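Chemist: Spelled out, the chains give:
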Amino acid sequence: MTDISEVIKYLKDYKGRPLKLMEVCGTHTAAIFKSGIRSMISDRIKLISGPGCPVCVTPASFIDKCAGYAMKEDHVLLTFGDMMKVPGSSGSLADLKGRGARAELMYSPMEAVEKARANPDKTYVVAAVGFETTAPAYALAIEEGISQDVRNVRFVTALKTVVPALTWICENQPDIDGFICPGHVSVITGSRPYGPLAEKYHKPFVIAGFEAEHILAVIYEIVRQIENGRAEVRNLYENAVRTEGNIKALKITEKYFQPGPAMWRGLGTIEDSGLYLREEPPVGLYDGGSRGLDEDIQLPRGCRCGDVIVGRINPDECPMFAGQCSPGNPFGPCMVSAEGACGIWYRNRK
Amino acid sequence: MCIAIPGKVVSLENNKAKVDFSGNTVMVNVGLVEPKIGQYVLVHAGCAIEVMEKDKAEELISIFAELEEPYKA
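For the protein sequence lines, the chains are R and G, in the order given.
Mapping of the first sequence onto the numbering used here: residues 6 to 355, in sequence order.
Mapping of the second sequence onto the numbering used here: residues 2 to 74, in sequence order.
Don't take every hint at face value.
Keeping only pairs whose Cα atoms sit at most 25 angstroms apart, straight-line, the calculated SDA-like set for lysine to any residue is [claimed, not checked]:
| no. | chain 1 | residue 1 | chain 2 | residue 2 |
| --- | --- | --- | --- | --- |
| 1 | R | K20 | R | S66 |
| 2 | R | K253 | G | P36 |
| 3 | G | K17 | R | N124 |
Keep in mind that the hints were calculated from the coordinates and are not lab data.
Bear in mind the structure is a predicted one, so any value in this text is a computation, not a measurement.
If we strip away everything but chain G, and leave its shape as in the complex, we get:
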């Protein structure tokens, strides 16, 4: 539906950020989020729609750890 790609915030100025996508740097509107430099943001249509809280590996560990939670006695 909606392709969005994570990139790293390199610099911030007003409502815009320079975001690094594996070496490709693009200006992104950050009016919808409040990122810090060094954080990853999810970017769609030139706008950051969310700040990624954890890195991918941590997230997957957390997801799998919780899968069985509802079934524990």
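Same shape as in the complex, but just chain R:
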């Protein structure tokens, strides 16, 4: 049986052809830094980050829509923390709070229904960002709203699904040799959806947890597969990910949401990569106008968020990194969001 020291030795001594492995998920990017994994493995194995930062890939028109509600009388916007500082066309939500916008942090979308029930004279609007991991939470909130007949809640959604983005990456970034699949998205989706990708593009897709040992085991697995000409899906986050995923979560998501095209900053519009509230009442009544929010602001000249998001460059290869662009003065969302690669690289640099 292999142990962790053998895995580390193998990866440190690796002298095969240079490999590029994508860590799709922002939380993995952070975990890789926290664990110091890059220093444990050969330079010939390059880890690059992917589009797994929901805030980073959300265009400005979504922020503008949410900001509009925050500035509207008798409306309160509820959002996760990251979204507060991401710039829209007229500044971020945090900036707008200074001009009278009503935007509050939420820990869970369920709070929207609780607050709406307690304050019937206000409309609560949820900035519903996320991937497959969070979609079921929004679905639960909608179900709660419907069952309690709470009508003063709206959801403006920027929900995206990972597999279409991975397809885009495989088509447009063929130099990526293997994928560290997102851990918590996979809790919901299961490992099955990666199968067709592994088969069509002949690359390994391996699901990782978030401890150093999880991630090292996955990198080892991917490298071994490549060396042996294999291209398979493997689940190495067994505690939490089942082949079939979380069926209840998948069912409730499907009950309230349907797929549609979505605009990903850095990638463009991808068909069927977004989730939108179903239109028939009463579900459709909870939609705050989520379709067609495709327009983006022009990122400042020199900003290379788009390239960072698809793994063409690492954050430290952007000329603005840690110079003009820093968390205190961010140019692009990758530096702002907790799961943005640039912010993570910045906070972890020596």
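Position chain G relative to chain R; hints supplied.
Modeler: Relative to chain R, chain G alone:
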């Protein structure tokens, strides 16, 4: 992408559970899972998204034991 944290189920009532995160107790929606008291659940955005089957140490042992399986003759 999605930060989720494991916590221990302390009590259950309808669709909610009191979950203990190393001393910090929070109410969590358990509509997506079927946990028992004493089990660990993975919590994201106030909702439990999965029941953790084994403890972390057991899981890592299992992962490493299986790493070489595909390469055995």
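Chemist: Which of the numbered hints above does this structure break?
Modeler: Checked against the structure, the only hint that fails is number 1, while the rest are satisfied.
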